[in-house]
Amino acid sequence: MNRLRILLQNIKRGVVTEKYPLEPIRVPESFRGKPVIDVDKCVGCGACVNACPPNALTLEEDLKEGIRYIKLFVGRCIYCGRCEEVCPFDAIHLTKEFELATTSKDDLYQIVGLRMYKCPICGKPYTTIRLVKRVIDKLPPEERSLVLICPDCREKITAANRSFARR
Amino acid sequence: MTSLYRKSLWVFHLNTGSCNGCDIEVLNAFTPAQDAERFGVKLVGSPRHADAIALTGPITREALPRVIRALQAVPEPKIVVAIGSCACGGGIWHDSYSVLGGVEKLYKILKKKGIKKPITVFVPGCPPKPEAILYGILLARGMVKQKQKSRIYIESESTELMISKDLIETVKEQVMSSKISRKQVEQIASIVR
Numbered sequence: 001m002n003r004l005r006i007l008l009q010n011i012k013r014g015v016v017t018e019k020y021p022l023e024p025i026r027v028p029e030s031f032r033g034k035p036v037i038d039v040d041k042c043v044g045c046g047a048c049v050n051a052c053p054p055n056a057l058t059l060e061e062d063l064k065e066g067i068r069y070i071k072l073f074v075g076r077c078i079y080c081g082r083c084e085e086v087c088p089f090d091a092i093h094l095t096k097e098f099e100l101a102t103t104s105k106d107d108l109y110q111i112v113g114l115r116m117y118k119c120p121i122c123g124k125p126y127t128t129i130r131l132v133k134r135v136i137d138k139l140p141p142e143e144r145s146l147v148l149i150c151p152d153c154r155e156k157i158t159a160a161n162r163s164f165a166r167r
Numbered sequence: 168m169t170s171l172y173r174k175s176l177w178v179f180h181l182n183t184g185s186c187n188g189c190d191i192e193v194l195n196a197f198t199p200a201q202d203a204e205r206f207g208v209k210l211v212g213s214p215r216h217a218d219a220i221a222l223t224g225p226i227t228r229e230a231l232p233r234v235i236r237a238l239q240a241v242p243e244p245k246i247v248v249a250i251g252s253c254a255c256g257g258g259i260w261h262d263s264y265s266v267l268g269g270v271e272k273l274y275k276i277l278k279k280k281g282i283k284k285p286i287t288v289f290v291p292g293c294p295p296k297p298e299a300i301l302y303g304i305l306l307a308r309g310m311v312k313q314k315q316k317s318r319i320y321i322e323s324e325s326t327e328l329m330i331s332k333d334l335i336e337t338v339k340e341q342v343m344s345s346k347i348s349r350k351q352v353e354q355i356a357s358i359v360r
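Chain order of the listed sequences is A and B. FYI, the working numbering numbers position 23 of the first sequence as 23, with every residue one higher than the one before it. FYI, the working numbering numbers position 131 of the second sequence as 298, with every residue one higher than the one before it.
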């Protein structure tokens, strides 16, 4: 009798198996999936690179071409969401995508290349044009000229001026 | 790849030093809720019976000889399904001394030993959902299409900073001339500090 009851229960409950590859499934509301960089918002500041625990996000600079690359390797990402937390411009987000299987490793990369700004004194690129734009907009007009010099040159100027001031 | 695996794919689960997160998800994929066996995918107890290896973990040095032995035991043609971030690219352990860090580095060692590189499917996730593992195995069988693709964006060359020339001139003047006022010196110094 007992087995008959279990059988009836199971018939009432119906099929529990998901029809997954044929039908899409719903993921939970708080699910953390593949991170995606919004190329229009990203300024290349590298805050996410500092925060990333497994170094899935890396920053590389091509000084000859003057491009800063932010590389996201999804294959190493642990989906902690720190990059999303730390991004000052809301440029990186974790989506709900989880079907990331690929047959080649190259398909797991997202690369964002941003042009760099060159220092007018030494001509060395030191930061991205987008970041300089953002900073300039926030500063009062009399301080804007300070952003346009690279840190090395700025240091030299300061040193020179200090010795000048001591005399 | 599709023609080779039209029939049932038998999988051997190989743990290479994983934290057991991915292993639990692999087992989950075979429970009634996801039921991988409806596609003919079956877990087997020996690599000699298997067509594919479900590899989890970053491949520790201790596990390396056993991994090579298990890979050699699988008959050709074989598939390696690298499950989890650790197996794909090393994950959080990628720069640790005691792990190889991903299957790509394992293949370099295999190449030195003269073993052919198997077909690989990468299933990233930490851990991947059981559905994601199912998707990866079905991708190996050619039943679903690949959705993930690389994205490359490079800013156009014509991008320039739109600042007034006066501003640049003032910068150059400030630097070249020694006529920097005391106030400006203080300003510069405060920023450097």
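Careful: at least some of the hints might be erroneous.
Below, in silico cross-link-like pairs of lysine to any residue (SDA-like), each with a Cα-Cα straight-line distance of 20 Å or less [said to hold, decoys possible]: (1) LYS312/B / TYR20/A; (2) LYS118/A / LYS314/B; (3) LYS314/B / TYR79/A; (4) LYS64/A / LYS312/B; (5) LYS64/A / LYS314/B; (6) LYS312/B / THR103/A.
No wet-lab data here; the hints were simulated from the structure. Remember, predicted model here, so these are calculated numbers, not experimental data.
Okay, the hints, checked on the actual structure:
Proposed proximity of LYS312/B and TYR20/A is supported: the alpha carbons are some 14 Å apart, at most 20 Å. Under the criterion of a C-alpha separation no larger than 20 Å, the hint pairing LYS118/A with LYS314/B is inconsistent with the structure, at around 39 Å. Taking the CA atoms of LYS314/B and TYR79/A, the gap is about 19 Å. The hint holds against a cut of 20 Å. With a CA separation close to 39 Å, the supplied pair LYS64/A and LYS312/B exceeds the 20 Å bound.
The suggested pairing of LYS64/A with LYS314/B is violated, with an alpha-carbon distance near 35 Å, which exceeds 20 Å. For the suggested pair LYS312/B and THR103/A, the alpha carbons sit about 11 Å apart, so the restraint of at most 20 Å is met.
Comparing the model with each earlier hint shows violations of hints 2, 4 and 5; every other hint is respected.
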